[in-house]
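Chemist: This is what each chain is made of:
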Amino acid sequence: MIIDTKELQAINSFSRLESLKGVYGLIWLLVPIFTPVLGITIGILVIVWLERKISAGVQQRIGPEYAGPLGILQALADGTKLLLKEDLLPSRGDLFLFSLGPSIAVISILLSYSVIPFGYRLVLADLSLGVFLWISIASIAPIGLLMSGYGSNNKYSFLGGLRAAAQSISYEIPLTPCVLSISLLSNSSSTVDVVEAQSKYGFWGWNLWRQPIGFAVFVISSLAECERLPFDLPEAEEELVAGYQTEYSGIKFGLFYVASYLNLLVSSLFVTVLYLGGWNLSLPYIFLPHFEINEVGGVFGMTIGIFITLAKAYLFLFISITTRWTLPRMRMDQLLNLGWKFLLPISLGNLLLTTSFQLFSL
Amino acid sequence: MTVLATRKDLMIVNMGPHHPSMHGVLRLIITLDGEDVIDCEPILGYLHRGMEKIAENRTIIQYLPYVTRWDYLATMFTEAITVNGPEQLGNIQVPKRARYIRVIMLELSRIASHLLWLGPFMADIGAQTPFFYIFRERELIYDLFEAATGMRMMHNYFRIGGVAADLPHGWIDKCLDFCDYFLTGVAEYQKLITRNPIFLERVEGVGVVGGEEAINWGLSGPMLRASGIQWDLRKVDHYECYDEFDWDVQWQKEGDSLSRYLVRIGEMTESIKIIQQALEGIPGGPYENLEARRFDKAKDSDWNDFDYRFLSKKTSPTFELSKQELYVRVEAPKGELGVFLIGDRSAFPWRWKIRPPGFINLQILPQLVKRMKLADIMTILGSIDIIMGEVDR
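Line order of the protein sequences matches chains B and C.
full-length UniProt numbering puts the first residue of the first sequence at 1, with every later residue one more than the last.
full-length UniProt numbering puts the first residue of the second sequence at 1, with every later residue one more than the last.
No wet-lab data here; the hints were simulated from the structure.
Capping the alpha-carbon separation at 30 Å, the derived lysine-lysine pairs in BS3-like fashion look like this: (1) C/K373 / B/K341; (2) C/K191 / B/K341; (3) C/K373 / B/K155.
Now the in silico label distances, taken between C-beta atoms and shown as ranges: (4) B/Q358 / C/E201: 30 to 40 Å; (5) C/T184 / B/F342: 32 to 42 Å; (6) C/L290 / B/E65: 49 to 59 Å; (7) B/L84 / C/L176: 48 to 58 Å; (8) B/E65 / C/D177: 27 to 37 Å; (9) B/L88 / C/K370: 32 to 42 Å; (10) C/F132 / B/I319: 18 to 28 Å; (11) B/F342 / C/N14: 33 to 43 Å.
Glycine included, C-beta positions come from ideal geometry on N, C-alpha and C.
All chains should be modelled from the sequences, with the hints used to inform the complete structure.
Modeler: What follows is the structure, encoded as structure tokens:
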């Protein structure tokens with residue numbers, strides 16, 4: 001009997017240890033996934049706060065000021081409210097599509113964060129086709145929007161979903177040649193290589209100077225991809241009430257909200273990576289001799305790299321936020337004309353120019 | 001479910017009465033082919049309060065508080081037309097000072113109305129920011145109104161034969177300061193909006209109304225003047241004292257939404273010109289023609305008789321409308337605001353027919369939006385400038 005219990009105890013403890021080890025491994029596996037997700041979420045809260053404060057500045061208002069110092073916690077309060085709000089379902093909608101739509105939109109955008117280098121070699125997945133993963137994954141999000149537009153059983157939602165699909169299709173195409181020219185310049189599609197290729201000559205080495213046309217086209221198309229104001233037709237309030245999100249409430253609406261800001265953040269991060277030199281300090285050697293981020297290494301270098309990347313991204317975000325609060329909205333046909341008849345030929349010409357230059361330089 | 005794949009499926013969308021850009025409670029039944037508008041049917045009456053019927057058992061003074069609810073953004077004009085009718089019916093003279101005060105108030109109200117047209121119009125196109133800028137200026141106008149009349153929106157300021165109260169001390173300087181400030185504000189709007197390429201693309205050639213067409217539809221105000229017709233009742237009818245000021249009729253040739261925008265922006269600066277001249281030339285004297293406080297003939301009755309009126313129960317001064325009929329009109333910011341008035345030798349009007357400019361101008365909407373894009377509905381509707389309070393009355 002005694003031996004039996006001892007044996008049992010031993011076996012029990014052993015198995016407990018085993019299971020603990022499994023759990024530990026699982027946790028260790030999830031840490032690199034959840035750290036960026038947490039960071040991104042915080043980044044989005046910051047963007048929401050920035051959007052509110054900057055729009056308030058543009059419109060000569062004060063903006064949020066009671067939730068936390070300077071209203072920093074306002075976005076958090078809004079999120080909590082959305083979490084606690086009743087989740088309304090349209091009675092005759094397609095509930096499966098209705099519920100699936102927002103999650104597809106969010107997940108597909110979250111996935112594209114995996115190829116963004118935040119610092120020197122600080123990237124979840126350094127794929128050899130990094131940038132194109134973003135482009136391909138980004139086209140999944142409008143499917144989610146289309147789903148929710150269709151599943152809502154609402155004409156405004158449906159029109160919004162259709163607009164979202166048409167818009168993202170027509171603006172992905174000019175986006176691709178721009179990215180192609182960048183990867184031609186850096187001889188790689190990997191985001192890390194793209195940044196490395198810009199690391200020389202400080203900010204004069206940025207692709208912004210080598211690809212000014214591509215930069216302009218990329219910025220416009222990425223704004224259109226994010227459905228930001230000059231191009232926010234899918235959710236045009238004055239026309240379609242709220243577009244595909246008309247029927248949503250509670251956290252599902254919150255997911256769309258998050259998805260749009262996720263998209264904005266990922267776009268500005270890609271602008272940073274592709275055109276603004278990524279994590280490099282980008283100051284010419286005259287200002288800071290004997291200092292290079294890549295050689296600092298360690299946690300300090302990593303922190304500085306992340307900081308620089310985010311600083312550049314938020315600088316770009318500032319531009320897109322002020323754009324949103326300055327410009328009126330375009331009309332659907334004008335939007336498509338701009339995409340197909342103006343941006344696409346220009347970006348193709350840019351690609352042609354880049355290719356021929358690369359060929360001659362070989 | 002057995003729909004042929006080749007058949008064109010039209011979508012019927014019900015916009016309103018609670019759509020964000022329907023300017024109140026307008027309801028449009030829109031037939032859409034994709035993004036193209038095939039048909040549009042406006043449905044009115046959600047804000048109908050029987051304003052014309054209410055007038056039939058109110059004296060003019062009693063009715064005055066109601067009229068600011070017709071066009072609640074250009075309140076002075078509704079009051080002006082309400083007193084102008086009985087004045088002309090009874091041939092009441094208005095003192096010069098009262099005329100000047102009226103002109104100043106009317107033009108301030110015109111600016112306020114155009115401002116609150118500009119903001120929603122830009123918001124309809126998608127630019128939210130001008131909405132906040134126009135409120136900045138509009139608040140100042142309403143401060144001026146509050147100082148002179150005691151109320152910001154529903155003033156109840158006009159009286160038969162004058163105005164209810166004289167301008168308070170220092171008001172004229174305050175108003176002059178506002179004029180100077182407002183001109184910089186208009187310059188700011190012009191910088192922000194007028195040459196914006198996206199704005200131009202959205203409004204140019206959208207909702208074109210030809211001159212002939214505009215007359216045939218009975219359009220008035222900026223809608224008419226944007227189509228190349230120089231018709232401004234302030235010049236045509238010579239009412240109040242507009243002839244004493246140096247100002248021009250604002251007009252454009254093209255007849256599209258852009259020209260309507262330009263006409264309204266131009267009218268704001270013209271109004272400032274009028275106000276400045278009126279403020280500088282305002283004469284002294286009475287602000288009200290007391291003769292207009294004529295009483296409805298009370299029946300002779302002995303003291304303590306059944307229908308004897310004790311002093312404490314004296315009714316407020318009522319104005320007897322003679323048994324005549326006439327049509328009066330003023331140039332309101334939205335167009336020709338008119339009243340057809342039939343008197344019946346009593347204190348109450350026998351008939352009080354309102355001709356609201358927004359209602360008449362709205363008629364052309366279905367024709368303008370046909371074969372346009374969905375987004376153009378908002379541009380065109382915005383450029384027509386309707387207030388449902390006066391459309392439905």
